[in-house]
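**Student:** Listed below, chain by chain, are the residues.
Protein chains: 2
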Amino acid sequence: MSSSRRDRVVELMKEGQRSLVQALEEIDGGGEFGAFSWQRPGGGGGTARVLEEGRVFERAGVNVSAVHGREVPASLVQEHPGIEGKPYFATGISTVLHPRNPYVPAFHANYRYFEVGSETEETDVWWFGGGADMTPNYPFEEDVRHFHGSLKAFCDRHDPNYYLHFKETCDDYFYIKHRGEMRGVGGIFFDELSPAGRGVFERDFAFVQDGIDALTGCYLPIVKRREGTPYGDRERRWQLYRRGRYVEFNLVYDRGTLFGLQTRGNIEAILMSMPPLAHWSFAFEPEAGSLEAEMLAFLQPRDWVGSVGVETAKS
Amino acid sequence: MSSSRRDRVVELMKEGQRSLVQALEEIDGGGEFGAFSWQRPGGGGGTARVLEEGRVFERAGVNVSAVHGREVPASLVQEHPGIEGKPYFATGISTVLHPRNPYVPAFHANYRYFEVGSETEETDVWWFGGGADMTPNYPFEEDVRHFHGSLKAFCDRHDPNYYLHFKETCDDYFYIKHRGEMRGVGGIFFDELSPAGRGVFERDFAFVQDGIDALTGCYLPIVKRREGTPYGDRERRWQLYRRGRYVEFNLVYDRGTLFGLQTRGNIEAILMSMPPLAHWSFAFEPEAGSLEAEMLAFLQPRDWVGSVGVETAKS
Chain A
1 MSSSRRDRVV ELMKEGQRSL VQALEEIDGG GEFGAFSWQR PGGGGGTARV LEEGRVFERA
61 GVNVSAVHGR EVPASLVQEH PGIEGKPYFA TGISTVLHPR NPYVPAFHAN YRYFEVGSET
121 EETDVWWFGG GADMTPNYPF EEDVRHFHGS LKAFCDRHDP NYYLHFKETC DDYFYIKHRG
181 EMRGVGGIFF DELSPAGRGV FERDFAFVQD GIDALTGCYL PIVKRREGTP YGDRERRWQL
241 YRRGRYVEFN LVYDRGTLFG LQTRGNIEAI LMSMPPLAHW SFAFEPEAGS LEAEMLAFLQ
301 PRDWVGSVGV ETAKS
Chain B
1 MSSSRRDRVV ELMKEGQRSL VQALEEIDGG GEFGAFSWQR PGGGGGTARV LEEGRVFERA
61 GVNVSAVHGR EVPASLVQEH PGIEGKPYFA TGISTVLHPR NPYVPAFHAN YRYFEVGSET
121 EETDVWWFGG GADMTPNYPF EEDVRHFHGS LKAFCDRHDP NYYLHFKETC DDYFYIKHRG
181 EMRGVGGIFF DELSPAGRGV FERDFAFVQD GIDALTGCYL PIVKRREGTP YGDRERRWQL
241 YRRGRYVEFN LVYDRGTLFG LQTRGNIEAI LMSMPPLAHW SFAFEPEAGS LEAEMLAFLQ
301 PRDWVGSVGV ETAKS
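Residue numbers (the working numbering), protein chains in the order written: chain A, 1 to 315; chain B, 1 to 315.
These are computed hints drawn from the structure, not numbers from a lab. Any given hint could turn out to be false.
It does not matter which identical chain is used: a pair holds within one copy or between any two.
With a straight-line Cα cutoff of 20 Å, these simulated EDC-like cross-link-like pairs (lysine to aspartate or glutamate) come out [said to hold, decoys possible]:
hint: 1; residue 1: 224; residue 2: 254
hint: 2; residue 1: 86; residue 2: 172
hint: 3; residue 1: 177; residue 2: 268
hint: 4; residue 1: 14; residue 2: 25
hint: 5; residue 1: 224; residue 2: 26
hint: 6; residue 1: 177; residue 2: 142
hint: 7; residue 1: 177; residue 2: 52
hint: 8; residue 1: 177; residue 2: 285
hint: 9; residue 1: 177; residue 2: 119
hint: 10; residue 1: 177; residue 2: 254
hint: 11; residue 1: 177; residue 2: 227
hint: 12; residue 1: 86; residue 2: 303
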């Protein structure tokens with residue numbers, strides 16, 4: 001039973017990768033995804049699918065990994081006493097999309113599954129984690145509403161409390177403390193869908209399956225709407241400048257990235273999230289009243305879809 | 001006496017900033033340094049001098065700060081028991097140079113002074129720290145020999161053991177663990193010139209003064225030699241790719257940067273070290289036999305100036 005549970009999740013992740021890659025190649029209409037497989041010395045491995053220098057995407061990556069080990073990593077033991085020294089299994093899909101056109105937001109999503117125990121001897125300690133978030137450079141309210149609205153719709157099909165809870169966790173997580181701003185406009189994020197050892201597998205599996213299915217619908221319509229917008233040096237420069245913040249978040253705060261670097265995971269798969277090009281400018285301030293300046297107000301938590309019944313005033 | 005000691009070091013740092021800025025403007029022959037002053041809410045402040053989009057330097061920054069506080073930062077107390085709860089004073093100069101031409105190395109140096117006690121009530125607990133290191137993109141042995149040779153010459157004027165000791169500390173410090181390579185070709189680095197509370201002020205002051213004076217001589221001749229070398233897209237791309245490593249080091253490992261971000265120092269002054277533009281490419285491998293591939297061998301510690309009597313074989 002345990003092995004079939006793992007197999008089902010791995011198959012879900014692989015199927016997610018296949019369909020995402022297909023949908024992204026279709027919309028890109030230019031680039032093709034290469035496939036890079038890697039092995040982990042401790043057990044398992046993964047396949048990174050990467051498109052670079054496409055028509056729509058300057059870089060698009062979809063990585064799936066499935067690893068196992070003889071002892072649960074120390075960082076997880078702190079949060080889950082009682083699992084120390086036990087074997088574990090972990091699988092996940094992650095995608096990071098850096099579009100070329102500055103008017104198209106960057107996108108990130110990740111769904112993952114962790115299980116304590118061996119293939120032959122399972123425990124009930126397992127959980128799903130995941131989320132999806134968007135990082136626009138320009139403040140188009142309809143884009144953000146579409147994105148959050150789609151995520152809310154999918155969450156609401158499973159539990160009326162999920163969206164708001166996961167949205168707030170996401171706002172907290174993607175916060176660049178030293179800049180006092182979020183990386184983007186958030187989305188949803190959860191560390192454990194059900195607390196470890198207390199999940200209902202079929203229910204949680206169905207939620208994650210639905211979450212992976214929802215990725216194209218929440219994001220690709222925005223790509224289609226914006227990818228033809230003309231832009232010049234000013235917009236490109238602003239995009240690269242905002243990508244500097246993306247780098248700062250990923251290298252200073254992102255738990256997945258830092259965990260990967262510390263445990264010496266596959267470095268290229270871990271840093272697939274880096275933008276292809278990023279810019280830093282000293283003490284840069286966007287022109288008052290410009291769209292760039294207006295964007296900064298979007299980088300504070302906001303109730304985008306009226307989920308608590310009262311719309312937050314536009315600042 | 002305490003206040004005159006502090007005043008002398010601050011004047012040394014400011015004089016270093018003035019002469020560096022002048023020498024860099026002269027060699028750039030195009031850009032001018034702006035001046036950005038900042039205050040620290042806890043006490044003190046600084047002035048960042050920054051040139052962007054110059055002829056030779058895509059970005060050049062020279063920052064001087066002098067701050068004080070009522071309680072020594074916790075991170076320093078661990079290494080120096082007995083100073084907790086005491087007032088402190090810290091001043092320093094730091095410079096980061098990102099040239100435009102890929103054949104010209106990037107450069108970084110920092111000299112700093114820390115003192116426990118108040119202006120009116122001094123302790124004997126003070127120390128100087130500092131160093132200078134270089135980050136080329138192309139493997140020109142004569143450049144690295146000139147750089148290390150100049151640093152050794154200045155160190156040797158003060159103590160025959162300094163260079164090798166500080167060179168090895170530098171090799172250890174500027175190591176990008178997750179890549180298994182150094183940020184550049186090293187240089188010299190020291191946390192405490194004399195151990196806290198055991199320095200001889202005039203001797204240590206003279207060394208740091210000489211170190212600041214030596215910055216132009218160890219680096220600018222290399223700039224002059226390379227800044228006119230023709231280059232194309234390939235070299236520019238490689239430079240931006242190598243700058244990605246520079247970003248990775250600074251945001252993941254550099255103690256000064258992380259300390260600054262954690263203590264919420266002036267964010268623009270802290271991140272002045274970021275390159276203006278950086279590039280990441282998935283699983284990039286330079287062509288076998290190319291200069292780019294040959295560069296990787298320069299990113300492992302090497303005895304550049306025969307300082308232990310035996311030349312390390314060129315790999």
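**Student:** Hints first: check each against the structure and report whether it holds.
**Tutor:** Each hint tested on the structure:
| no. | hint | verdict |
| --- | --- | --- |
| 1 | 224 x 254 | neither (29 Å within a copy, 41 Å between copies) |
| 2 | 86 x 172 | neither (31 Å within a copy, 35 Å between copies) |
| 3 | 177 x 268 | between (26 Å within a copy, 14 Å between copies) |
| 4 | 14 x 25 | within (16 Å within a copy, 56 Å between copies) |
| 5 | 224 x 26 | within (11 Å within a copy, 50 Å between copies) |
| 6 | 177 x 142 | neither (27 Å within a copy, 43 Å between copies) |
| 7 | 177 x 52 | neither (31 Å within a copy, 26 Å between copies) |
| 8 | 177 x 285 | within (18 Å within a copy, 34 Å between copies) |
| 9 | 177 x 119 | neither (41 Å within a copy, 33 Å between copies) |
| 10 | 177 x 254 | both (12 Å within a copy, 18 Å between copies) |
| 11 | 177 x 227 | neither (31 Å within a copy, 39 Å between copies) |
| 12 | 86 x 303 | neither (42 Å within a copy, 46 Å between copies) |
Checked against the numbered hints given earlier, the structure breaks hints 1, 2, 6, 7, 9, 11, 12 and satisfies all the rest.
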